[in-house]
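Enquirer: Residues per chain, in single letters:
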Amino acid sequence: MKRDIITSAIGIVVLTLLCGILYPLVITGISQVAFPGNANGQQIKVNGKLVGSKIIGQQFATQAVKHGKPQVDNNGNPVTNPDPRYFQSRPSATVPPYNAAATAFSNLGPNNTATEQAIAANIQAYIALERPYVPGLTAAKVPVDAANSSASGVDPDISLANADIQAHRIAAVRHLPITQVQALISTHTHGRGLGFSGEPGVNVLALNLALDRLNGGQ
Amino acid sequence: MTFLGWLTIFLFAGVLTAFAIPLGGYMAAVYSGERTLLDPVLRVPERLLYRVLRVHPERGQDWKAYAKSVIIFSLAGWLLLYLILRTQTLWDFTGLNPMGFHSAPWNVTFNTTSSFLTNTNWQYYGGETTMSYFSQMAGLTVQNFLSAGVGICVAIALIRGIIGRSGRSLGNFWQDLVRTLLYVLLPISVLVALVLVFQGSIQNFSHYLGFNGLTGLPQTIAMGPVASQEAIKLLGTNGGGFFNTNSAHPFENPSGFTNFVEMLAVLVIPASLVFCYGKMAGNRRQGYAIYSTMMIMFLGACIVAYIAEAHGSPAQHAAGLHTGVIAGSTGGNMEGKEQRFGIAGSAIFDVVTTVTSCGAVNSAIESFTGIGGAVPFANLSASEVIFGGVGTGLYSILLYVVLAVFIGGLMVGRTPEYLGKKIEAREIKLVVLGLLITPLAALFSTALATASHAGRASISAAATGPQGFSETFYAYLSQANNNGSAFAGYTGFIQPNAGNVGSHGITFADLLGGFTMLFARYAPILFALAVAGSLAGKRVSPAGLGTMRTDNPTFVVLLIGVIVLVGALTFFPALLLGPIVQGLTGHLY
Chain A
1 MKRDIITSAI GIVVLTLLCG ILYPLVITGI SQVAFPGNAN GQQIKVNGKL
51 VGSKIIGQQF ATQAVKHGKP QVDNNGNPVT NPDPRYFQSR PSATVPPYNA
101 AATAFSNLGP NNTATEQAIA ANIQAYIALE RPYVPGLTAA KVPVDAANSS
151 ASGVDPDISL ANADIQAHRI AAVRHLPITQ VQALISTHTH GRGLGFSGEP
201 GVNVLALNLA LDRLNGGQ
Chain B
1001 MTFLGWLTIF LFAGVLTAFA IPLGGYMAAV YSGERTLLDP VLRVPERLLY
1051 RVLRVHPERG QDWKAYAKSV IIFSLAGWLL LYLILRTQTL WDFTGLNPMG
1101 FHSAPWNVTF NTTSSFLTNT NWQYYGGETT MSYFSQMAGL TVQNFLSAGV
1151 GICVAIALIR GIIGRSGRSL GNFWQDLVRT LLYVLLPISV LVALVLVFQG
1201 SIQNFSHYLG FNGLTGLPQT IAMGPVASQE AIKLLGTNGG GFFNTNSAHP
1251 FENPSGFTNF VEMLAVLVIP ASLVFCYGKM AGNRRQGYAI YSTMMIMFLG
1301 ACIVAYIAEA HGSPAQHAAG LHTGVIAGST GGNMEGKEQR FGIAGSAIFD
1351 VVTTVTSCGA VNSAIESFTG IGGAVPFANL SASEVIFGGV GTGLYSILLY
1401 VVLAVFIGGL MVGRTPEYLG KKIEAREIKL VVLGLLITPL AALFSTALAT
1451 ASHAGRASIS AAATGPQGFS ETFYAYLSQA NNNGSAFAGY TGFIQPNAGN
1501 VGSHGITFAD LLGGFTMLFA RYAPILFALA VAGSLAGKRV SPAGLGTMRT
1551 DNPTFVVLLI GVIVLVGALT FFPALLLGPI VQGLTGHLY
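As you go down the protein sequences, you meet chains A and B in turn.
Per the working numbering, residue 1 is the first one in the first sequence, and the count goes up by one each step.
Per the working numbering, residue 1001 is the first one in the second sequence, and the count goes up by one each step.
Heads up, some of the hints might be wrong.
[Unchecked claim] In silico DMTMM-like pairs for lysine to aspartate or glutamate, Cα to Cα no more than 25 angstroms straight-line: (1) 2(A) with 1551(B); (2) 1068(B) with 4(A); (3) 1429(B) with 1551(B); (4) 1538(B) with 1424(B); (5) 2(A) with 1046(B); (6) 1064(B) with 73(A); (7) 2(A) with 1424(B).
Worth flagging that the hints you see were computed from the coordinates, not collected in a lab.
Sequences are here, hints too, so could you generate the full structure?
Expert: Structure, rendered in structure tokens:
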């Protein structure tokens, strides 16, 4: 008994040093030397200014202004409108959307009216933004990833079907040939892991940055 | 459903087996004291640790001594973890609390401490809004290693009891623990962590990144030493995420490739232990029989979950969505799922982490369809013996094996024997107690939480109708099985806003959950060790003509039957009230 207590007391401290201090430090050391870009979150800078992480999604919207005053909701979070010049990310359940400092699921059940209402609202917003450029867009043609909120709330990707629909708006608003927008989409599409694991996705931030570079260069 | 989705399921099963067989052989060598590949590097630190811990590894322990060491060591771990979590700001001098987070209140900390000690990793807190880097590393990561280590030690002790030819010794707990950490968990964790960083996980001690995004909206991105914790979280089937959204977060699980690697990391040790058992027992076919049992049930669960999720949910259909496969989208129930994993990658991950005690999630289980959500329920109801947690899975299924041998013995009218050892009344009593104590804890806690006002306070507002019961039932089923995955709308810890000042817990859920986890972890461990002790001293009689074989397909069928029967008889009424009702109706509540 006494021997067990002594060994446990020493053991928990020594093993904490080994597994809780030494091990993470070694991993950090190797990572910072071998993969500094990844280890620090694949930060993207434009003109030296940080604008995001390549693998964390963000909201491409502007704050609504009424009577010259930026609008906030009851909780003090900004009221936003999607920016039509950019591809839009998936719906996010965090508060405010794409809050990468407090990620959250929507936790909406499969048979709940609250879920149906949330999905219907997402569909409505999507159609309102895209139908002017894609006549005949109905709820049944909205890709599921555009209507359902992601798991992390900061999903960096959208599906190819989703990007293809939005391409029409981007081409019109930015006065670009649709083929050029489609070519950009395929440049910023990642495939499946090892060719089979997971699904292809379009990285929205990278795609939008490429669009800005294109317009800036014209 | 797509061809590649199906391919992923079967390819995964193949790759897992290809990794598990050699690793199982290696682990058998580690626990039999034979020379291994890593001896030249690890012999010196191993001896050093024995000296520091004042351990005499050659001294064998009988089951009571072994159990005493397990319990006292766990108690020490509980106290230190609670202390570290409650004194979070005291460690600010290390520079590992860049956001200046305060400690969570005592009730949440009680739950969290019990949760990580028991390999559950149930989380009533959000990682990136509560924990300093120091707490994540020196507190939670450490117990990710140690709770996994203790589970493996108990499994090895039970194996030694079953195969032991002489005396009552089950080995030495301290030696088993040190060898598990040095020879198994640490080396593989280093490997997995580096693969994750190579693929895009983060590993740093920076302040959270604050900036204005492309359109000028402010965004803050949480940072931290993620990969090191992620690796052992999966490998030790712990499952507690660095971030609130766990393995759905792009920093924890950046791509389809890492998703595959992570699923392998979860199952590789539980699967290897089965082969390790076959090798240590000197009869590999015993391992193959158990492995087949597990694999059949695992594949069944994957297939059901994939079909259900690819079909879409009633809420989607009511809103007018088309959930079939179209060009550029695989459709399905994408609520609470990430684009890069898709339906198949989410469904398989969910099965992988609920058959084991991992409980990591890469999608929101609460948003799974009724039948898709019934799959994790069923996995938990099978007491996590389909691979199961590291160690816990093997010792639990070995209890089921003994039970199946007993039932088989009754059917053919012979004294039941397992590997030449007679199974008698004492063993069967211990086995049944060991198997029924977890379901008992789950159902009792669910009933208490459903029947009381304080318990119902945890149900989320959106979870109307059967979903509310599902949330509650899942919470206690998961905590009793030391799994840790959640219908995450069920709350115990309210955080009004970012930062946790002013946060509080729902004390009822925190405490009931904490006690459920502790009871349902340590009681079965004691029964498993008692079974080991009881078998260890028995004489081995040679197999005769009438001996029932435990390494052929007939026995696999019998074993599956016993597991399904026990699980179904215990849980079916409760399952009907929640997920099955939802799965069978297209009705919205």
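Enquirer: So, for every hint listed, does it hold in this structure?
Expert: Going through the hints against the structure:
Restraint check for residue 2(A) and residue 1551(B): the C-alpha separation of about 43 angstroms exceeds 25 angstroms, so the hint is violated. Annotation: proposed proximity of residue 1068(B) to residue 4(A) holds, straight-line Cα distance about 8 angstroms (limit 25 angstroms). Proposed proximity of residue 1429(B) and residue 1551(B) is supported: the alpha carbons are some 24 angstroms apart, at most 25 angstroms. Restraint check: the Cα-Cα separation between residue 1538(B) and residue 1424(B) comes to about 11 angstroms, which is no more than 25 angstroms; the hinted pair holds.
With a CA separation close to 23 angstroms, the supplied pair residue 2(A) and residue 1046(B) stays within the 25 angstroms bound. The straight-line distance between the Cα atoms of residue 1064(B) and residue 73(A) is roughly 62 angstroms, outside the 25 angstroms bound, and the hint therefore fails. Between residue 2(A) and residue 1424(B), the direct Cα distance comes to roughly 35 angstroms. Violation of the 25 angstroms bound is thereby established for this hinted pair.
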